[in-house]
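Protein chains in written order, with the numbering used here: chain A, 1 to 301; chain B, 1001 to 1355; chain C, 2001 to 2318.
Don't read these hints as lab results, they were simulated from the structure.
A couple of the hints might just be wrong.
[As the list claims (entries may be wrong)] Facing chain A, from chain C, some residues (calculated, C-beta under 10 Å):
1) Phe2017
2) Val2019
3) Cys2023
4) Val2137
5) Val2153
6) Ala2156
7) Val2157
8) Leu2255
9) Ile2278
10) Arg2281
11) Val2283
12) Asn2301
All C-beta atoms in this analysis are idealised placements derived from N, C-alpha and C, irrespective of residue type, glycine included.
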Amino acid sequence: MSDIALDKPLETFDEQAAPATLVRGYWQSVFNRLRHDPVTLFFAAIVLLIVLAAIFAPLVAPFDPYKDSVIARLKPIGWRDHLLGTDELGRDMLSRLIYGGRVSLLMGVVPVLIASIVGGLLGVVGGFAGGRVNTAIMRAMDVFYAFPSVLLAVAVAGAMGGGIGNGMLALTLVFIPPMCRVTETATTQVRALDYIEAARATGAGTITIIRYHVLGNVLGPVFVYASSLVSVSILLASGLSFLGLGVRPPTADWGLMLSTLRQSIYVVPFVCALPGAAIFVTSISFNLVSDGLRAAMDVRM
Amino acid sequence: MALAPVPVGSRFDPPVIDPRDRGGPAQPLLIARELRKHFPVKGARGKSVQAVDGVSFTVRKGETLGIVGESGCGKSTLARLLLHLVVPDAGELVFDGEAVGTSGGIAVNALRRQVQIVFQDSYSSLNPRMPVRDSVAFGPFIQGRKKAEARDLARDILAKVGLNADLFGPRYPHELSGGQKQRVNIARALATGPRMVILDEPVSALDKSVEAQVLNLLRALKRQLNLTYVFISHDLNVVRYISDRVLVMYLGRIVELGPVDMIFDRPLHPYTRALLASRPSMDPAHRIEEPPISGDPPNPIDPPSGCRFRTRCPFAEPVCEHTAPPLAEWLGMNSHIAACHMQDPGSGHSRAGRT
Amino acid sequence: MIFYILRRILYAIPIAFGVSVVCFSLVYIAPGDPLQTVMPPDATAETIEIVKHAYGFDKPIPMQYLIWLGHVLTGNFGMSISTRRPVILEVTDALANTSLLAAFAVPLSFSIGYAMGAIAGCFPGRWLDRLVTGTAVVGVSLPNYWLGIVLVVFFAVEYALLPATGMGPSGSTNFHILEWSSAKYLVLPVFTLAMIPIGILARTTRAAVAEVRNQDFVQTLRAKGLSEWAVIRHVLKNSLPQVMAVMGLQFGYLLGGSILVETVFTWPGSGFLLSKAIINRDVPVLQGTILTLSLIFVATNLVVDLLQSLVDPRIRRA
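Here chain A stands alone, though its shape is the one from the complex (with noise of 0.2 Å):
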């Protein structure tokens, strides 16, 4: 092999060739795909919506939810003012739905964001640490993972005695390993690649590796899933309420509401319906937005 003459300028590399187009952050092409997504962006405007309307429900709402009307009871849709009729206390639907969307959004949201700060936690810890601690922390969760989520919500609240705070708590009990485990694989993933060695022989130590290095590529698919778990949390949770496990009466919540009217499904059963159907949209919404995130997200870069 012939000896390439070592005094030609190091400059002239013929790879110096200009970029086609211009450089990008990871964040800003997600967002640019997420733009050119008719679906995703529908059902965020619907999600966007429903959350505007349960901050400000006292402006939004036309009736006073609480107040009950002993002739206006269970009246159908479009009754007098009333747009979406009366429940069984008269009391107006439309703006019992707008008051429940502030119980359900908190009981959905809430749970799943400490669940995701400790679960995620214990997953980096466990991922990071790997050996003896990470089996320890891994067989733990697997304990929880042994319950099926809606028996472990109900047995947790149930014992507890019901009420928003009791069924919030167990609702992150149920969401905790599974975080734990979506954090734990992802940060072993990331443990194993080249970079962190390499950051390793500079001499970093394991906190700065785990801020510099493995957090940013950690987020990504760990707030992908968290936003699934969201739709799953409010369907839980007002699985809870229509046990009878969540709010207490009167405050306005759909799965009570649902329970308190199941009754008079005989009556007016389009109103009746009605508080499974604002349940539906609102999870469908916040299921469709998480897989129009993860499907932008997931470009192999």
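With the hints as your guide, set chains B and C onto chain A.
This is chains B and C only, laid out in the frame that chain A set:
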């Protein structure tokens, strides 16, 4: 100023004295003694993969030591042992006269300021979420510099490896070609200003044309920055091109060591001979009908007793099964030694002392 | 291979113990005195003393756990506060009814879900795929008890085709599956229960099949001249392990999720027992039911794991 003897047949330049130098020009930059690393096999108690089993060598200041061997011979593990990325089970490392990891010697963190490693360019060699200039600046940043200072350093180094810092700095790894990524890997290793760079298969994943460019870059950088290289590869031609001395490994042990031309022109060990003979010739008149090496590489969990190469060696005899041939005594930079009973007159091998 | 089976079984045992600890602690996270949770409110002082001693409430908690565990292992789950019957009898009766539902819901949902997913996976991107995926997403986002109510509204209220609730006038004692007079009570609950597993299985199967189809070996099979049908068989076989894992989980869902459906249809199964126990604050029944259902789930997962290793030789080597 008395310099150490120059190895025969090397393209060797006398080293410039580095301000961090402790031992003087005659002191080898790195001495490895009886390094050992066994990985326990999960499930099978007592068994382990004997990745590196008693490896000793020296690296002179300013030279390029090439390490050759097939997959599974332990060269990648050895690369990591030299930086304590994997902690050796036994043996010691001496860097510029100071023992690594012991009190009174040099700490591992301090070692890592003077020795760096370049990995094979895989898709995972760079953080996909970090722009290239941040990946390069990370090393200096860790080692105490401020972010702005580290970024400037990164710009300089990127320029040195032939990448325009303004053009390539903000790019992400997936926007670079293989050759460009490898240059970034080299820049990352050099950003902290090391004296020695370990290169683990740095060109194996690159196209041939790019390979040549990167090799030349490495040679130029070595002169510019006064570096010492340990160059690991399975590609004999590449090793010949870049090394001053070569070390041949087989199943965790050194089988031959010597100046590059002597290894390639007059190999002593049957394994080295077979390796060199396996390179297909470009000349159709020199077709090889029979493969020079027979059989599969044995299992590193259960290596053969005695000489590990005996199961594939055409000259194997009973003595090879009973006794592991020791590497002959290393006498200096020109020493050409092999671990083979045939090289040792007193071994009892029928061909001893005659080759 | 046999070692893998043994190891897997051995691994399930500490999990089962962990489950029992969680169930045991349910009594203690309940508000109020644990003793109140196992005693009916009108118990005499004598009874209280006897029960206190039997449960060991005066002893330290780990001791109480062991006593409780001892009881459980001999089949003594305590007494129901509301019905004064042994809990284990209540649980087994209820479980029998739930099993009836599951016996129909499982084959229905598994076969429909898998078929939908397999078809969608084999024709990705086409309208069939979109239809299946859309249905699956709807199935997963629908509150199943709401679907139950809607179905009741439609079939029982508006059109009086099927009964709204219950197991029939004679309850579970005179239930004859083969006669429509009894079987008609099954239709709505089974269909409602099957909906979510159909959705989840369709989604999982579709993903697994699509992934396997993209692998290189499928192209090799075609290049070798295999008929498309034979290729599909290979693809389905390779995607089976992933799907089986989810099937096991869905079985667990059917056990736990039945609580909502059974409440809607007043079906006297384990789920309904659970919801009654919650309303009545009948903690022994709560504990007993949850313990039984969870242990069944653990056993199911074990069986699914072992079956998986039979189907997927890669798992066996570990």
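Checklist line | Hints violated by the structure (numbers, ascending) | finding: Those not satisfied: there are none.
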